[in-house]
Amino acid sequence: DTEVTQTPKHLVMGMTNKKSLKCEQHMGHRAMYWYKQKAKKPPELMFVYSYEKLSINESVPSRFSPECPNSSLLNLHLHALQPEDSALYLCASSQGEGASGNTIYFGEGSWLTVV
Amino acid sequence: ELKVEQNPLFLSMQEGKNYTIYCNYSTTSDRLYWYRQDPGKSLESLFVLLSNGAVKQEGRLMASLDTKARLSTLHITAAVHDLSATYFCAVDKDFGNEKLTFGTGTRLTIIP
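Sequences listed follow chains R and Z, in order. Just so you know, our numbering puts the end of the first sequence at 115, numbered straight through with nothing missing. Just so you know, our numbering puts the end of the second sequence at 1112, numbered straight through with nothing missing.
A hint or two may mislead.
[To be verified] Cβ-to-Cβ under 7 angstroms is the rule here; a few derived chain R residues that face chain Z:
hint, residue
1, 42
2, 43
3, 79
4, 104
5, 106
6, 108
[Stated by the list, open to error] Calculated cross-link-like contacts (lysine-lysine; reagent style BS3-like; alpha-carbon spacing at most 27 angstroms):
hint, chain 1, residue 1, chain 2, residue 2
7, Z, 1093, R, 40
8, Z, 1068, Z, 1003
9, R, 19, R, 53
10, Z, 1003, R, 40
11, Z, 1017, R, 53
12, R, 40, Z, 1017
13, R, 36, Z, 1017
Hints in this document: simulated from the structure, not taken from any laboratory. Think of the CB as a built atom: it goes at the ideal place given N, C-alpha and C, for glycine as much as any other residue.
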């Protein structure tokens, strides 16, 4: 099983709403990631969790708040977003730090539209 | 700051032809990833290249890595329509954390 599952697949939210994106993997991976991808652009790294601890925050605005409740789950809490935050949000996972030859597996993504 | 550039950005080729996509990066790294993305879909891992001179092949696709030249290539042999997609290379600049910086992407269209 090389699956990373993301929910919801589509989300429309207002600028005053609070919502969450969820990601789950059961591959025993210890590193999990959030990427943001705008239309016709490459993905950009937002956050990295390693062994359930936030290890990298790529200067992401505080209206995005990641959470890793356990080694299989990763959430991205959204609050007071702007229309320019509309994008595809991709979750990914890999074996994690120290393991060589890691393949990074991506989920199907959550399409977010902020209105 | 790490920069990853691909060329061409757009490629339209006929079925049965061969072509190569190039990926150049600006800082030292010995880990290079290739992904495929279909429209509206997620990223599918194609290859992970881990050392200078690494070459991997899967079907009609072959990827290579020259760390001294900071160059990776993705070669397509006898293209078929199913290979139409956007192809990204990505460089891991933080060994062990898989902190990927993606290239600009190459949008490949295979014409019958």
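Quick rundown of the hints versus the structure:
1. 42: At about 4 angstroms, which falls below the 7 angstroms cut-off, the nearest Cβ of chain Z leaves the hint on residue 42 of chain R intact, so it holds.
2. 43: holds (5 angstroms)
3. 79: violated (25 angstroms)
4. 104: For residue 104 of chain R, the interface hint holds, since the closest Cβ of chain Z sits about 5 angstroms away, which is under 7 angstroms.
5. 106: holds (4 angstroms)
6. 108: For residue 108 of chain R, the interface hint holds, since the closest Cβ of chain Z sits about 5 angstroms away, which is under 7 angstroms.
7. Z:1093 - R:40: holds (23 angstroms)
8. Z:1068 - Z:1003: At roughly 16 angstroms apart (the allowed maximum being 27 angstroms), residue 1003 of chain Z and residue 1068 of chain Z satisfy the hint.
9. R:19 - R:53: Holds, at roughly 22 angstroms.
10. Z:1003 - R:40: holds (18 angstroms)
11. Z:1017 - R:53: Distance ~48 angstroms between residue 1017 of chain Z and residue 53 of chain R Cα, so the pair is violated.
12. R:40 - Z:1017: This hinted pair holds, its Cα atoms lying about 26 angstroms apart.
13. R:36 - Z:1017: With Cα atoms ~34 angstroms apart, residue 36 of chain R and residue 1017 of chain Z exceed 27 angstroms; violated.
Hints 3, 11, 13 from the earlier list are contradicted by this structure; the remaining hints agree with it.
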